[in-house]
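Counting in the working numbering, the sequence shown runs from -12 upward without gaps.
Among the clues, some could well be false.
[Said to hold, decoys possible] Keeping only pairs whose Cα atoms sit at most 20 Å apart, straight-line, the calculated SDA-like set for lysine to any residue is:
id, residue 1, residue 2
1, K141, R118
2, K230, T206
3, K230, D258
4, K141, R163
5, K230, A251
6, K141, P152
7, K230, T278
8, K230, T242
9, K141, T151
10, K230, T280
11, K141, A116
12, K141, G113
13, K230, T274
14, K230, T245
15, K230, W166
16, K141, D156
17, K230, A207
18, K230, G271
19, K141, V117
20, K141, V114
21, K230, P247
22, K230, D268
23, K230, T275
24, K230, A282
25, K141, G124
26, K230, A266
27, K230, A254
28, K141, P91
29, K230, G255
30, K141, W166
31, K230, R240
[Claimed, not checked] Beta-carbon label-pair distances, calculated as ranges:
id, residue 1, residue 2, range
32, T151, D281, 35 to 41 Å
33, L136, D285, 26 to 32 Å
34, R240, D80, 29 to 35 Å
35, R291, D191, 22 to 28 Å
36, K141, T234, 19 to 25 Å
37, G113, D193, 37 to 43 Å
38, R291, A266, 17 to 23 Å
Think of the hints as simulated: they come from the structure by calculation, not from any bench. Ideal placement from N, C-alpha and C gives every residue a C-beta, glycine not left out.
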Amino acid sequence: MRFGIGARLGAVAAILVASAGIGGFAPAAACGGVFTGAAAGSAATVHREAALASWDGHRETLIMQLTLRTGADNAALIVPTPTPATVGAAAPDTFTELAARTAPQVRTSYRWFAEVDGETGAPKSGVPAVRDRVRLGPIEAATLSGGDLTGIRKWLGDNGYQITPQVADRMTSYLRDGWSFVALRLTSDRPLSGAVDPVRIVFDTDRLIYPMRMSAAATAPQTVELFLLGAHRMQRSDPDAGKHRQTLEFADRITDPTDPDLRALSAGGRDYLTALQIAIDIPGTITTDLTFTDAPTDTPFRSRVDRVENADILGMPGGIILFAAFGAVGLFALIFVFVPNRPRRGDYWAA
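Between the sequences and the hints, there should be enough to build the whole structure, so can you do that?
Below is the structure:
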């Protein structure tokens, strides 16, 4: 539960996707979640969130992608990071290749007869320091560190980043832990719908992590697709792991990736790709960020889809055609065996 930023709103949407599992649009920011802007009735709905994460032992690279629909021009997303992050644009091709490499194995069977349908430290006071501020297509991204909740909320409001009180309240625990934030907002003056170009967020950390605590403010179920690159197959290690529905979609080493980001992030022996889909039915149960550790084995896995197709002959169910054909052959065989032959005219003269 596949991190998780065409064209995916360029970079903002990509980070907006992070809000579902990482940040907080209001009232929800994950798959199917909704985040609001300042204008009444303005809203953005996130239809899909996906993220690719790789950690080299010191630094994590998180590439996010999301699909959304919005009529707001100032909806904002806050993505917490353990240390100040650098933000940049990424390419949709990364997720195109990931989708192809992790696609389920399809096993087709044929149906011959048609069926009837049926706390570690106190936060610093004051306004935050703006480490970086960039434009990524229809998204503006700012990296903030330090300050307190009052100062951060004031900065966000003064600079056009609209967030709800529920989302702001979830920032408190990250401030206590000394984290920084990536703030993203939509700047397009036109409604946006569809996939947004992914966003790349890079930050120093002592472990692979996917920020999730702010999603506890969501009011709708959260879903995220995570693609994790490492030396070995990975599994979740955070205390919330047992509370969420998780589906392993793919696990195996990848060879010769063509996408530049995928090739760079899988270098140095970090070529084992684990694809997870994580579904959180009750966001209020979220208490920790997602963390990961090596799985007991590197056993490869690929999900399988069983597909049943109708076997048609001349536009009709094949079973009926074959049944009729075999029936006709059988009938002729019975006639041949059991019906006596009438003598031909020549047979009488011969007698």
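We went through each hint and held it up to the structure:
Between K141 and R118 the CA atoms are separated by roughly 17 Å; this keeps the pair inside 20 Å, and the hint holds. For the hint pairing K230 with T206, the CA-to-CA distance comes to about 17 Å; that is within 20 Å, so the pair holds. For the proposed pair K230 and D258, the alpha carbon gap of about 29 Å is over 20 Å, so the pair is violated. About 18 Å separates the Cα atoms of K141 and R163, which keeps this hinted pair within 20 Å; it holds.
Between K230 and A251 the CA atoms are separated by roughly 34 Å; this puts the pair beyond 20 Å, and the hint is violated. Between the alpha carbons of K141 and P152 the distance comes to roughly 12 Å, so the proposed pair stays at or under 20 Å and holds. Using a Cα cut-off of 20 Å, the hinted pair K230 and T278 holds, with the two alpha carbons roughly 14 Å apart. Between K230 and T242, the direct Cα distance comes to roughly 34 Å. Violation of the 20 Å bound is thereby established for this hinted pair.
Between K141 and T151, the direct Cα distance comes to roughly 13 Å. Compliance with the 20 Å bound is thereby established for this hinted pair. A distance of roughly 17 Å separates the Cα atoms of K230 and T280; the hinted pair therefore holds under the 20 Å criterion. For the hint pairing K141 with A116, the CA-to-CA distance comes to about 13 Å; that is within 20 Å, so the pair holds. With a C-alpha separation of about 10 Å, the suggested pair K141 and G113 falls inside the 20 Å cut-off, and the hint holds.
Between K230 and T274, the direct Cα distance comes to roughly 10 Å. Compliance with the 20 Å bound is thereby established for this hinted pair. Restraint check for K230 and T245: the C-alpha separation of about 36 Å exceeds 20 Å, so the hint is violated. Using a Cα cut-off of 20 Å, the hinted pair K230 and W166 is violated, with the two alpha carbons roughly 25 Å apart. A distance of roughly 14 Å separates the Cα atoms of K141 and D156; the hinted pair therefore holds under the 20 Å criterion.
For a cut-off of 20 Å, the pair hint linking K230 to A207 stands: about 16 Å separates their Cα positions. Distance restraint check for K230 and G271: the Cα-Cα separation of roughly 11 Å lies within the 20 Å cut-off, and the hinted pair is therefore satisfied. At roughly 13 Å between alpha-carbon atoms, K141 and V117 fall within 20 Å of each other, so this suggested pair holds. Between the alpha carbons of K141 and V114 the distance comes to roughly 8 Å, so the proposed pair stays at or under 20 Å and holds.
With a C-alpha separation of about 36 Å, the suggested pair K230 and P247 falls outside the 20 Å cut-off, and the hint is violated. For the hint pairing K230 with D268, the CA-to-CA distance comes to about 9 Å; that is within 20 Å, so the pair holds. At most 20 Å may separate the alpha-carbon atoms for a hinted pair to count; K230 and T275 meet this at roughly 11 Å. Straight-line distance between C-alpha atoms of K230 and A282 comes to about 19 Å, which keeps the hinted pair within the 20 Å bound.
For a cut-off of 20 Å, the pair hint linking K141 to G124 is broken: about 25 Å separates their Cα positions. With a CA separation close to 10 Å, the supplied pair K230 and A266 stays within the 20 Å bound. Proximity of K230 to A254 is assessed by CA-CA distance (about 33 Å); at most 20 Å being required, the pair is judged violated. Proposed proximity of K141 and P91 is contradicted: the alpha carbons are some 47 Å apart, above 20 Å.
Proposed proximity of K230 and G255 is contradicted: the alpha carbons are some 34 Å apart, above 20 Å. Restraint check: the Cα-Cα separation between K141 and W166 comes to about 18 Å, which is no more than 20 Å; the hinted pair holds. Note on K230 and R240: the hinted pairing is violated, with a Cα-Cα distance of about 28 Å set against a maximum of 20 Å. Our hint of 35 to 41 Å for T151 and D281 holds, since their Cβ atoms are close to 38 Å apart.
Taking the beta carbon of each, L136 and D285 are about 43 Å apart, not inside 26 to 32 Å as hinted. The hint said 29 to 35 Å for the Cβ distance between R240 and D80, and at roughly 20 Å that hint is violated. At roughly 39 Å, the beta carbons of R291 and D191 sit outside the given window of 22 to 28 Å. For the hinted restraint 19 to 25 Å between K141 and T234, the CB-CB distance of approximately 42 Å leaves it violated.
Taking the beta carbon of each, G113 and D193 are about 27 Å apart, not inside 37 to 43 Å as hinted. Our hint of 17 to 23 Å for R291 and A266 holds, since their Cβ atoms are close to 20 Å apart.
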